[in-house]
Amino acid sequence: MTPAIEIKHLTKKIRSGFLMKEVMALSDLNLSIPPGTAFGFLGPNGAGKTTTIKLLTGLSFPTSGEALIFGRPVSDISVRMKIGFLPERPYFYDYLSGTEYLHFCGELFGMTRAARNKKITKLIELVGLKEKAGEQLRKYSKGMLQRIGLAQALINDPELIILDEPMSGLDPMGRKQVRDIILHLKGQGKTVFFSTHVLSDAEMICDQVGIIVQGSLQSVGDLETLLSPKTCSIEVSIKGVSESALSLFKPMASSTKIADEGYVLRIDDAGILPKLLALLQAEKVQIVSIIPHRETLEDIFMEEIRGRQS
Amino acid sequence: MMRGMNAGVSAIKAIAINTFKEAVRNKILYNLIFFAVLMMAVSLVLDQATIGQRNKIIKDFGLASINLFGVIIAIVVGISLVYKEIEKRTIHPLLAKPVRRSSFLFGKYLGILLTLVIEILLMSFFFFLLVWLYEGGFDSYLLIAILMIFVELSVIAAVAIFFSSFSTPVLSGMFTFSVYVIGHLTSFLKDFGASSGSAIIKQFTHFLYYVLPNLERFNLKTHAVYHLPIEIGQLLFSILYGLLYIMIVMLFAVLCFERRDFK
Ligand SMILES: Nc1ncnc2c1ncn2[C@@H]1O[C@H](COP(=O)(O)OP(=O)(O)OP(=O)(O)O)[C@@H](O)[C@H]1O
Ligand SMILES: [Mg+2]
Chain A
1 MTPAIEIKHL
11 TKKIRSGFLM
21 KEVMALSDLN
31 LSIPPGTAFG
41 FLGPNGAGKT
51 TTIKLLTGLS
61 FPTSGEALIF
71 GRPVSDISVR
81 MKIGFLPERP
91 YFYDYLSGTE
101 YLHFCGELFG
111 MTRAARNKKI
121 TKLIELVGLK
131 EKAGEQLRKY
141 SKGMLQRIGL
151 AQALINDPEL
161 IILDEPMSGL
171 DPMGRKQVRD
181 IILHLKGQGK
191 TVFFSTHVLS
201 DAEMICDQVG
211 IIVQGSLQSV
221 GDLETLLSPK
231 TCSIEVSIKG
241 VSESALSLFK
251 PMASSTKIAD
261 EGYVLRIDDA
271 GILPKLLALL
281 QAEKVQIVSI
291 IPHRETLEDI
301 FMEEIRGRQS
Chain B
1 MMRGMNAGVS
11 AIKAIAINTF
21 KEAVRNKILY
31 NLIFFAVLMM
41 AVSLVLDQAT
51 IGQRNKIIKD
61 FGLASINLFG
71 VIIAIVVGIS
81 LVYKEIEKRT
91 IHPLLAKPVR
101 RSSFLFGKYL
111 GILLTLVIEI
121 LLMSFFFFLL
131 VWLYEGGFDS
141 YLLIAILMIF
151 VELSVIAAVA
161 IFFSSFSTPV
171 LSGMFTFSVY
181 VIGHLTSFLK
191 DFGASSGSAI
201 IKQFTHFLYY
211 VLPNLERFNL
221 KTHAVYHLPI
231 EIGQLLFSIL
241 YGLLYIMIVM
251 LFAVLCFERR
261 DFK
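Just so you know, the sequences run in chain order A and B. No gaps in the numbering here: position 108 of the first sequence is 108 in the numbering used here, and each next residue is one more. No gaps in the numbering here: position 109 of the second sequence is 109 in the numbering used here, and each next residue is one more.
This is chain A alone, in the form it adopts within the complex (with noise of 0.2 Å):
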């Protein structure tokens, strides 16, 4: 099947500034998102999920490599008939209402006037801007102007939708029903691509994680395979333990921490879970709690930043 999204050594050097220095934004990218996938692309500030998505959506144009969308190149404009596009922190026509805009963008794309209305009360409702959609963009908060991009960037019904940092600037509620709606669109067999930061958001939501750092991309895969290879690791807290009698524990675990009124232990093999456990309770320690932490891709994430780093 043709990839929703084809990336071949895409680069991107952006040359800035009074004495035009050359910056390597993007470096020998090579990326194939199968249609169907939510594609979590993630990154730290300035580590280029920007200049990708840009590259995709035709704003700027690569230094080399090429980018091609459901097999077309980027160039092509009838590629982004099939394209929905949100942003980062969107700005839109402040003197428009919610309504006239989504009109506006409905006729970039020569829809008539019955397939606007139908639309964009659709859309209107999907996002949840109903009580505020007649009123002028002005006067929206920051997570409502991302909730009519959103509505703007599904308008045309694409099968690839491209989110820059869709969460960002929502609350809790707003990162639920933004995760929803993705969630929504991958049901319908729609692509999705989105950059982030936030990690949590991501493990949520996502087929397929890429990490990019600096310019270029770390790792790529599904989340169960970037995740499985490490094993769990448990904390184990206690409390009301001796000195001496933690001397004995601590050859078990892989480190231990100072907490309030005791200790948090922390073992890597869940398999010495059941000795450690004996062994606290013949020595009548009390544990507070023994929480497993699988590892995030937080972790992941702050290997690869330092590997790269080092």
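Hints were generated in silico from the structure; no laboratory data involved. Quick caveat, the model's predicted, so the values are computed rather than measured. Here a beta-carbon is modelled for each residue, glycine too, at the ideal position from N, C-alpha and C. Treat the hints with care, since some could be wrong.
[Said to hold, decoys possible] Here are the simulated EDC-like pairs of lysine to aspartate or glutamate, each with C-alpha atoms no more than 16 Å apart in a straight line: (1) Lys263/B - Asp94/A; (2) Lys263/B - Glu66/A; (3) Lys21/B - Asp94/A; (4) Lys88/B - Asp261/B; (5) Lys27/B - Glu66/A; (6) Lys21/B - Glu100/A; (7) Lys8/A - Glu66/A; (8) Lys88/B - Glu88/A.
[Unchecked claim] Only part of the chain A face toward chain B is listed, based on derived beta-carbon distances under 7 Å: (9) Phe104; (10) Leu108; (11) Thr112; (12) Gln152.
Add chain B with the ligands to chain A, keeping to what the hints say.
For chain B with the ligands alone, coordinates are given in the frame of chain A:
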């Protein structure tokens, strides 16, 4: 293919109307009030002058004011309405849709022209009202002069768009204003260059003459006020010249805009 073409026309229309809405809702047309007040003040002051003199001065002054206000609007609107899209990044979601960059610029240009048309219509209405009050009639010569003012403003708006397709608003404003000023002096400069004796000056003034628009072509204000004969052939030629100039400038604007990266 038909569909694609319709979508293109629909996009240009949408962008043009949106641009006009921005001008209206951001109250750019409020400057018309100054025009009205200024005209009224002048006509009151002139109440003392002899009647024939007075009517000519009012016409003279009115046309000059329409011209000046129009030029200011053309430059301000031409630059700010393009620049703001880029600076505030409202252009980003737009260009990610099936909208050619040339369609964007063309839509913007049409929206700016629409704003100028409305502005000129309103000023002219007030102007003709005043002339009618003093003279008790409708002077169609004035209409021709105003039409040519509109052609001039269309050229200036295109120049403003050209500069803002690659430059900052302050620089674009300065460049466009310079084009306006020098554009009225090109013939004079060419003659000056030819008689200066220096080859470099001659070439430079020739260069200006051919590159910059010859805006004096569109100046029929004196003709209109004093009812001097206007050759219809000349008039049509001037309009054609304006259209051609606009097309070439817009072509260069598109060329600059096509390869541009958006921040
Ligand atoms: N217009 C520009 N001028 C100069 N440098 C730029 C420009 N745009 C991006 N860069 C540089 O390119 C690199 C990548 O930036 P990019 O905006 O793609 O990062 P990002 O991953 O989107 O970050 P964030 O999470 O902060 O949005 C950065 O080093 C940045 O400084
Ligand atoms: Mg970014």
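Results for each hint:
Restraint check: the Cα-Cα separation between Lys263/B and Asp94/A comes to about 20 Å, which exceeds 16 Å; the hinted pair is violated. At roughly 20 Å between alpha-carbon atoms, Lys263/B and Glu66/A are farther apart than 16 Å, so this suggested pair is violated. At roughly 11 Å between alpha-carbon atoms, Lys21/B and Asp94/A fall within 16 Å of each other, so this suggested pair holds. Using a Cα cut-off of 16 Å, the hinted pair Lys88/B and Asp261/B holds, with the two alpha carbons roughly 15 Å apart.
Taken as a hint, the Lys27/B and Glu66/A pair is broken in the structure, with Cα atoms around 44 Å apart against an allowance of 16 Å. With a C-alpha separation of about 11 Å, the suggested pair Lys21/B and Glu100/A falls inside the 16 Å cut-off, and the hint holds. Only pairs whose Cα atoms come within 16 Å are accepted, and Lys8/A paired with Glu66/A is accepted, the gap being roughly 5 Å. Distance restraint check for Lys88/B and Glu88/A: the Cα-Cα separation of roughly 12 Å lies within the 16 Å cut-off, and the hinted pair is therefore satisfied.
The beta carbon of Phe104/A comes within 6 Å of a beta carbon in chain B, closer than 7 Å, and the hint placing it at the interface holds. Residue-level restraint check for Leu108/A holds (minimum Cβ-Cβ distance to chain B is 5 Å; threshold 7 Å). At its closest, the beta carbon of Thr112/A sits 9 Å from a beta carbon of chain B; the interface hint therefore is violated under the 7 Å criterion. Because the closest C-beta pair between Gln152/A and chain B is about 6 Å apart, less than 7 Å, the hint holds.
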